[in-house]
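Chemist: Spelled out, the chains give:
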Amino acid sequence: MTSSLATLVTAATPDAAPAGGAFTLAWLLVALPLAGAAVLLLAGRRADPWGHWLGVLASGASFVVGVVLLLALRARDADERVLDLHLFRWLPTGTFGVDAGLRIDPLSVTFVLLVTFVGTLIHVYSVAYMEHDVDRRRFFAYLNLFVAAMLVLVLADSYLLLFFGWEGVGLASYLLIGFWNHHTPNAVAAKKAFVANRIGDLGLLVALMIMVATFGAVDFATVLGAAPAASEATLTALGLTLLLAACGKSAQFPLQSWLGDAMAGPTPVSALIHAATMVTAGVYLVVRSAPIYEGAPTAQLVVVIVGAITLLFGAIVGCAKDDIKKALAASTMSQIGYMVLAAGLGPVGYAFAIFHLVTHGFFKAGLFLGAGSVMHGMGDSVDMRRFGALSGLMKVTWGTFALGWLAILGVPPFSGFWSKDAIIEAAFVGEGWRPWVFGTVALVGAGLTAFYMSRLYFMTFHGKRRWNSGHSRGTERDTGPVLHPHESPRLMTVPMVVLAAGSLVLGMLLAAGDGFVTWLEPVTGVAEHHEPVLPVPAIVTLTLLLVVAGAALAWFRFGRRPVPLRPPAASALTRAARRDLYQDDVNDALLVQPGTYLTRSLVFGDRTVVDGSFLGLGRLLVRLGDGARRLQTGFVRSYATTMTAGLLLLVGVVLATRF
Amino acid sequence: MTGAYTAVGTGFTPPDVDWAPLAPVLLVLGAGVAGVLVEAFVPQRLRRPVQLVLALAATAGALVAVAALWAGVRDTGGTVVLGGSMILDGPALVLQGMVALLALVALLVVADRGQNGEDAFAPQAAAVPGSQYERTATEQGLAQTEVYPLVLFASGGMMIFPAAGDLLTMFVALEVLSLPLYILSGLGRRHRLWSQEAAMKYFLLGAFTSAIFLFGVALLYGFAGSVRLSVIAEATATTVGLDPLLLGGVVMVAIGLLFKVGAVPFHAWTPDVYQGAPTPITGFMAACTKVAAFGALLRLVYVVVPAVEWDLRPVLWAVVILTIAVGTLASLAQQDMKRILGYSAIAHTGFILTGVVALDVDGVSGVLFYLLAYGAAVIGAFAVVTLVRSVDAQGRVTGEATHLNQWAGLGRRSPWLAGAFCLFMLSFAGIPLTAGFIGKFAVFTAAVDGGATPLAVAGVVGSAVAVFFYIRIVMVLFFSSRSPEADRVHGAVTVVRSEGLTTVAIGLAVVATIGLGVLPSPVLDLVGEAARFIP
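Line order of the protein sequences matches chains Z and H. The first sequence: position 108 = 108 (the numbering used here), numbered continuously. The second sequence: position 9 = 9 (the numbering used here), numbered continuously.
Bound conformation, chain H alone (with noise of 0.2 Å):
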């Protein structure tokens, strides 16, 4: 095959592409790039229809694709392709596998335009908040479905992430997931102005960060001759005297990472992201934007980080430390629903990165079952903030109750969203019979195990104090009733019915839960099978 090219003898050679590994990502952005397509040819009433079937088709189809390469990347350990731009190796597979599973589930509630037909999106995203043009499209019920192929294209770019092989790969997948969810954070069809401004910031601090990456990846082409990860591992045994550029690039590229899993100090951007973009946008972000980038930072810790363990040991615990703590003790301190899930992001951030600086294989695969045991919960937990609505003077149901005294006593209304919703908080918490118990044990012990013991006991302690702020939301759902002063206040509340997407997405996330929870067996074996990294 080759052979028949190089025969040519032009002087071009083309790369020896083996198309199968890239099945998964190639149907997601090529499910993207139709979604352009069908903007642009597709008579607009039929466009949401299309573009959603389209969009579960192509994760569907990539969860597919992953499935049908395991196991050939189980037995030979994976594969290179692309000259080494992209490695399919078994953390790179799974982890574009929940990738696409959570995206699929993701879409379900991004999808659902609920009782009243309106979806969580502007009609008019061009439209200045408040104008008349705005409130004509209202009428119209125009509907912004760009919304899905953007969703894919950052899917596409998380599936890409973690696979990455060279930092340049690496920092344009970032690009392509960053990119798009800058827009969708800021297509709120409620609080627009919040919506924009948590776009911007995050917009801004993102391209901020991205400048301190690159800026990483010059100082490691300056170490080591090669932005390819091997290269720069392999450089680390061979290259003296040049430790400050390999230092200080390792630094700066984790840093770019450590900024999108939200770890302190960069994670102030999170609590307003989150709580601007429209809810199940936030939901897709806080699960897939957080399995991506873990994978990308397993990648390079595992890879390029052991040969300066000793070196970047005090900084990695500190931030790890400091990311527990904040996101614990300033959940502790919010009422809005959508910020104290933003805070107890920033606290799981934490708690996962006790396994990533594992530096242990265990660590890799309690890593990657905590991501979806915490992927799942967390769509979860805010598809079922987007069915909890206020209502105004008038009685028309309006924006998400996000205000914790607005959840008084839902459990007594709405018992199964409410229960749905507690189990949520209980895996956040890491109750035993839920995926979150398993998940954190499975990192803590990596810790151990990994002569990282502080750091689990800094995670269990810091558990335990979340355990405070799960347990009161349990509370004020189930054991405090509805105060009319509450209701003067922010308003009277209701539940708002669901098309069935959403319901079968809090479903599929529910059964995760429970399921990963109590026979965390089958997926802890594929995990653990899943966890060594191809340089």
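So here's chain Z without its partners, still in its complex pose (with noise of 0.2 Å):
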């Protein structure tokens, strides 16, 4: 056992071997749409009329280096696929120097596919749902921007580089949940997201800070060839550093509280940034630096227990929200619940935890595409509780949607199910009371998604209308706006076409042959077998029952029976749920309260004490300024005898010393 460690440890930091050739093309992958977000911003109204479509053409630019950079990849050995592309020297300082280069291996090229891919037909999507929003340039400009950053967060080869990356998607993320910022909730949402990613980059920040103390540097190459030979309680301080990050990033438990908050963004926004991509960031962190986890068990369980918690928080929140986006963002917390968990279960889980990121990215993406082409249709209302029957009128948003919902269950064959069924497995490796536990929470994880999610699907397409036709009066759900609900124009129904096709072949594709996951090997290291506690079959059968049960359940509840159009009274425990399980409560009282009276004092001691004496002191000085300025009487006679006496007080007072 100890041996096979030494032997993975090795396998997952081989020696990063020099770009050349096609690679050296990648730095244009940040580039294309770096250069499109800058174009778009310094153009200014000139640009409106093409803006978008440079933004489209920028992030599919990038795309096709990604491609250009896969099929060179995979023409490599598999052993010779991490490479490194120097850029320039960063920061030239005496003894510590950083320098920008990019690390090309399976692992970030998987994410650059996933980013640009997703990120193009999300921008082709923008191009329809924004059509009508005046500052539509500006958003393509901030969409472009992400891409760069995220395309640097995933690509760099150092973790200052990566904290660059990291802190751009956290600037592209405030501004595009406050896109509509003349709305103050909006504006207050996103000041949120940024307050709880400043907690978590400050995690970060002193990881850093630990890399340069105890290794002298920041980059992959060395301080994950060197973790190995590190003493436990650095890489235990190290690690859960980095995961006070991911869970700032990755909105995990206890940081999560802003994503659903964050549904005040445009959809698009929410399907890129807050479903597909960058909230997956903690995730590819978490898997990056899987050198430092292997030394650090104790961090390596705080991460599986993080993501334990998040996936049951995620998913009981889902089970209780009204707003369908809100929903979505509770099932994208708790699906990255799943990831951060396969996380820490070290080398049996990395691969399927990025596997699972892939597929999540596509289905997930592509719910919350429907979501938004639902809430284009009808008025850009999001209360599913005056949605319903819509499966006819919008049969596209429906189909692809219908996809999506299946390959979140896990429904074989749809994509969720291979890479959520291996998660499952590997929560149930182990000893003692550990695979027991997060076997049991991955379980019922599965089938409170499969309720929540068919929840949401039953309310939104099916069931009675409960929203106002115009066409009849006297009832209820007459009361509303008018509305007339319509499929999307083409420019949104194609990409989600693509993404739903990709939810359900894409786990296929991926998982056959092991394929994906000895595509990573090179990344994450060859993981032994281990059996899981229960036979596979089991396991399998288990988590499709609870699955089926699930679905059924929210059939009976939500599908056949009459949906309330306002919430009904209901156990303490959906009260909770709610209401985020009153974890706004919670930082509220624990946090911004003493926060606040903390503030309040130091302005207070601020106003009397500093600005008092302050100003007195200028006041005073002043004063003394007025009675110089008396002194320039204006008269050269004056003047005169005021050197005199300067001259014979100079002379005087050095001939007396002297003498």
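Think of the hints as simulated: they come from the structure by calculation, not from any bench. Every value quoted in this text rests on a predicted model; they were computed, and no experiment measured them. Idealized CB from N, CA, C, for every residue including glycine. Heads up, some of the hints might be wrong.
[Said to hold, decoys possible] Label pairs and their in silico Cβ distance ranges:
(1) V518/H x R637/Z: 45 to 53 Å
(2) V195/Z x P415/H: 30 to 38 Å
(3) L598/Z x R396/H: 56 to 64 Å
(4) D449/H x R198/Z: 38 to 46 Å
(5) S638/Z x D449/H: 33 to 41 Å
(6) T138/H x T657/Z: 56 to 64 Å
Two chains, two separate frames, one set of hints: put the complex together.
Modeler: This is the structure:
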């Protein structure tokens, strides 16, 4: 076991070869969308007529470069697929220097393709979705900025450059959540996301400091290469600080409260940033830092616990939300919980975490785009209690959404089945109490997922119409605005169809012959096969049974029975779930209120003590200055007198001190 | 060469003159003389362009000559020319280069006539203010193009000043630089009586100080039997019993120089003259006179004073602290832009003096850097002042709008100009990433290293207080709006279009202020290499 661990760790950090050939193009990945953002922001209103297409083009071109990289990487032997592209000396200082460079390996290229492919689709979708927004150009500038920053994040070859991208995506996220900031709650949501992310960023900063102090470097090659030799205490500290960063960015417990509010942003943003890509950066960070976690079992356990808690937390919240986007956000949180849990399991889980990340990126983006399409047709309403019976009116949306729904449920052969089932199986691997606890959590999570996603699906597309069609009168449902739900334009439906196709086949394709897991092996290391504590067929059967049970329960409660227009009185748990399990209240009581009191008292002290003495001093000085001004009489005679006096005084003093 | 002349045996030995090191000075003074001939022989219409080209070429040529001489001076430490009357060592050469460069930029502002074709000078200086003659001269569009040779003569004097090897040369240089400045100060086109009053005051007080300076020279001659600085420095070690002559002489010569830099209590002329003189000349004076006078002061202090450092220290420290205190405090109470800049010049004199009295090699380089940083910002600031003008009831553009209230909201109407002005204010205030910060840092560090920590503390406290009025200007420019009340009291305000020359000058000043603030190393290295005086 020990020896296999050692080989495994070396396998996880092979020496990166210098990049040449097609790989030298990798900088274009970042440069293209960055240039797009720059042009769109600097060109101003002039770019309004064509700006959105430039945004699509920049993102699409980046995808093409990504494909070239993929092909070039696949043409190499598996053990030569980790490359470093040195770009320039970034921070030259005396003894400590940082280079800016790109790490090209199967993991980063996987992310590049996910980000640019889904990103480009969402760009296309946004062309239609944001058509009537006067600031569409600015929106695309921010989207391009996000893509560039996200690519820096996943391509960086050092933690510092990663941090740069990390902050970049945080900025883009902030700008896009608050895109409609003329509406105060949106601005507040953006601020909340920003502040919660800052707390996580602090973790990454501390981790950087620990790295500089311990290893004297921040690049992956040095840090990860030296990690196995470092003390467990150091590695635990690093693991926990990196986890804090991951929690902030990936909306994991206890920093998850911002994600629900982040739905204030335009729906394409929710799909790209807050479902498919940025929020999974935490998983990337943990998997990338595998050698650190290998040496820190305690940190690993904390990662698994955080993942498990968030998994259940998100699922429970998702069961009670009536806002379609917030329900999807809770689901995102829960699904990322699965990934974090898998990443915490060590080599058995890394590949599956990334696998689920990729499939989730597709089906969740598809689900969000579907939700956006529904909102588009329903006058921007998000209240599922006011939806219903849309399946016939929005056939493409319904069909693609249904595929995404089946995928997230984990119904075979949809893509979620392959990735989520693998995580559940991996959670059951191990000794002692852990496999039983984490396995059960993962299993229960699958059932809960089936319930809340089915609830969402049935409430939206099936059951009775609960919106005002303008034809009948008298019932309560006819109180709302008159709506004419319609299918969305082609520019929106095509990306949805593509993503739905992904939800259908991607899992199968990547799982075939363990292809995806093998592909990632140069980064994640070769995982020894371990048998779960329960036989695999039993786990699969149990999972499917729970999924069917959850979906059926949802059908009986929200598909067959009429859904009340207002949330009915419910149990304490439901009421808590509707309020995000009181997370905001806890944060408010523990952090916000004391913080407010502290600032208030500081402001009071500032006003009275600091300002008081300062202003008093200022008044005194001005009075002195006034006195000095009065000496300036304007008469040459008095000036000459002053000078004579000065002369006599100076000469007098000098001679007097000597004699 | 020498032999060929002495072989004639007439008894007169012509001095052996090495002309090359004198090239910068000769270029500028020669162009000044040529400028006088231009006045006599070139038709009136062509005079301004010819004078301008001549003046710019002379200053630029001087700059090139300085650059060409630099390598030799850096390697050898410098040369003594004209039988010891002039010393071309590192500091002297760098200061000459700085004078030439700053004079070049100042000339651009001097030459600019703005959108209505009127420069800042009286069309006929001899015309009685308010007379019919004056009106006629204005209507005919006459111009007093003697301004250019006068600026060149002043610049030539300023270039000799820091290179003077004996006190008489220093005195002559002092007069050569001062006399043109007295005249230039009195040439203002508007508020001519103020302008003439300022010139008169400057002249009277300058003459008074010259007398003190000369008296000091006489005392030193009495002490050492020579006016040569090196001889005086040697005599401090060998001559016994004549210390009152030495101390009195050094103090009085120093007072002559302290007057020129505007140190308290010899500062009283500064605000009045800065306000009264035509603004381009104020900018020229503020930058170049300071460079020259500090150069001479550095030479005096570093060559002669070390021997009597302990005797002079208390009074020099008192002068520094007083200068900082009066400069900053009096600025607080001012409402007139030119007067604020005048008092600010006094405060900066105090800051620079901390580096001078540090008596440390780093002090020299710090002072040199500070002078360049301050010179760039102050020319730029006064250049901006020339463009902000009052408008009379008929809508005609008149004189400069110097009251602080008139500048309110300028940032909204002329963001670039106001932005440049803010940058200069930030540099004056010593905000990081501007040249002023590096300069302050350099002189205060030198003061601490030279054992003058109290002065550095005074400097830092003074800078902190000074931030108030610089930031107040920024606030007025960008965060307050024009009130109809202020317009009624002070008249409406407009920003005139420059002919381009002033814009170039402001642009150069901005580039220098940012460049020296962000990438100071090349210039710091240069002044570091140049910081050794040869006696």
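Chemist: Which numbered hints turn out to be false for this structure?
Modeler: Hints that this structure does not satisfy do not exist here, as all of them hold.
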